[in-house]
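These protein sequence lines map, in sequence, to chains A and B.
Positions 27 to 138 (my numbering) are the ones given, in order, by the first sequence.
Positions 44 to 154 (my numbering) are the ones given, in order, by the second sequence.
Keep in mind that the hints were calculated from the coordinates and are not lab data.
Misleading hints may appear alongside valid ones.
So the derived label-pair ranges between C-beta atoms look like this [as the list claims (entries may be wrong)]: (1) B:P61 - A:G44: 33 to 39 Å; (2) B:K69 - A:G67: 42 to 48 Å; (3) A:G83 - B:D114: 32 to 38 Å; (4) B:G84 - A:R84: 28 to 34 Å; (5) A:R94 - B:G84: 24 to 30 Å; (6) A:D90 - B:T95: 30 to 36 Å; (7) A:T43 - B:D114: 45 to 51 Å; (8) B:G65 - A:S45: 36 to 42 Å; (9) B:Q116 - A:D90: 36 to 42 Å.
Derived DSS-like pairs (lysine-lysine); straight-line CA-CA distance at most 25 Å [said to hold, decoys possible]: (10) B:K69 - B:K123; (11) B:K71 - A:K63; (12) A:K63 - A:K80; (13) A:K125 - A:K63; (14) A:K86 - A:K63; (15) A:K80 - A:K125; (16) B:K123 - B:K71; (17) A:K92 - A:K80; (18) A:K86 - A:K125; (19) B:K123 - B:K56; (20) A:K125 - B:K113; (21) A:K125 - B:K56; (22) A:K92 - A:K125; (23) B:K113 - A:K63; (24) A:K125 - B:K71.
As the structure is a computational prediction, the values presented were derived from the model and not from experiment.
All C-beta atoms in this analysis are idealised placements derived from N, C-alpha and C, irrespective of residue type, glycine included.
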Amino acid sequence: GDQVEQSPSALSLHEGTGSALRCNFTTTMRAVQWFRKNSRGSLINLFYLASGTKENGRLKSAFDSKERYSTLHIRDAQLEDSGTYFCAAEAGNNNAGAKLTFGGGTRLTVRP
Amino acid sequence: AQTIHQWPVAEIKAVGSPLSLGCTIKGKSSPNLYWYWQATGGTLQQLFYSITVGQVESVVQLNLSASRPKDDQFILSTEKLLLSHSGFYLCAWSLVGYEQYFGPGTRLTVL
């Protein structure tokens, strides 16, 4: 079946620095979503992309369907950015009942 | 504004007992609805989706069933819980072709 490989599984950053999370897909995906897990375990929507890039504050995401990957860039990391981030991709074969396939998550720790 | 509510917040149940988890969406007409499940330490995976009242499609077989009795309501249930049903259950909604939004979740512990 469709697979989403997310890396790294854990990431440690010093405050003020940045890095990128990446998801590779084993098949062509129609769209990708990026989430952050909240304290209760539910998911906060960060980005939804069907192509190209989007930016929101210190976060920027890109999606290349043809090359089968998506990235989430964090710049100027702050302590409150610590948490677990997930990508989830939607295959292109069924718009009516879209199935999101999730990556394994990246646990981000931002240190002073 | 759309709101999504799940109940209960958490549940501790015995193996072999029945289960019913609920999800309601307010502020959106005829949304697509989804159930997801994450075992402890596992990856979140979609269980069911529904595009209209009375219609539910199964994605993963886990000895669970789902129903959509009303446009804004999605129910996940089983008559006999297994230990393997423990985990975190999330309901989500979307419009066709748009991003999915997730509810607060229900944590289920089966003993």
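Do the hints match the structure? See the list:
Hint check: P61 (chain B) to G44 (chain A), Cβ distance near 49 Å, so the stated range 33 to 39 Å is violated. Checked against the given bound of 42 to 48 Å, the beta carbons of K69 (chain B) and G67 (chain A), roughly 22 Å apart, lie outside it. For the pair G83 (chain A) and D114 (chain B), the supplied restraint of 32 to 38 Å holds, since their beta-carbon distance comes to about 35 Å. Taking the beta carbon of each, G84 (chain B) and R84 (chain A) are about 30 Å apart, inside 28 to 34 Å as hinted.
In this structure the hint that R94 (chain A) and G84 (chain B) lie 24 to 30 Å apart at CB holds, the actual value being about 26 Å. Between D90 (chain A) and T95 (chain B) the beta carbons are some 34 Å apart, a value that agrees with the proposed interval 30 to 36 Å. Range check, T43 (chain A) to D114 (chain B): about 47 Å between beta-carbon atoms, so the 45 to 51 Å window is met. At about 40 Å, the beta-carbon gap between G65 (chain B) and S45 (chain A) stays in the expected band of 36 to 42 Å.
For Q116 (chain B) and D90 (chain A), the Cβ-Cβ distance of about 38 Å falls inside the hinted range of 36 to 42 Å, so the restraint holds. Proximity of K69 (chain B) to K123 (chain B) is assessed by CA-CA distance (about 30 Å); at most 25 Å being required, the pair is judged violated. Under the criterion of a C-alpha separation no larger than 25 Å, the hint pairing K71 (chain B) with K63 (chain A) is consistent with the structure, at around 24 Å. Between K63 (chain A) and K80 (chain A) the CA atoms are separated by roughly 20 Å; this keeps the pair inside 25 Å, and the hint holds.
Of the supplied pair hints, the one linking K125 (chain A) and K63 (chain A) holds, its CA atoms being roughly 19 Å apart against a limit of 25 Å. Between K86 (chain A) and K63 (chain A), the direct Cα distance comes to roughly 17 Å. Compliance with the 25 Å bound is thereby established for this hinted pair. With a C-alpha separation of about 22 Å, the suggested pair K80 (chain A) and K125 (chain A) falls inside the 25 Å cut-off, and the hint holds. Annotation: proposed proximity of K123 (chain B) to K71 (chain B) is violated, straight-line Cα distance about 33 Å (limit 25 Å).
The straight-line distance between the Cα atoms of K92 (chain A) and K80 (chain A) is roughly 17 Å, inside the 25 Å bound, and the hint therefore holds. For the hint pairing K86 (chain A) with K125 (chain A), the CA-to-CA distance comes to about 24 Å; that is within 25 Å, so the pair holds. For the hint linking K123 (chain B) to K56 (chain B), the alpha-carbon distance of about 10 Å falls within 25 Å, and the restraint holds. The suggested pairing of K125 (chain A) with K113 (chain B) holds, with an alpha-carbon distance near 22 Å, which does not exceed 25 Å.
With a CA separation close to 29 Å, the supplied pair K125 (chain A) and K56 (chain B) exceeds the 25 Å bound. Between the alpha carbons of K92 (chain A) and K125 (chain A) the distance comes to roughly 19 Å, so the proposed pair stays at or under 25 Å and holds. Pair hint K113 (chain B) plus K63 (chain A) does not hold up; C-alpha atoms about 29 Å apart against a cutoff of 25 Å. Among the hinted pairs, K125 (chain A) with K71 (chain B) is consistent with the structure: their alpha-carbon atoms are about 20 Å apart, no more than 25 Å.
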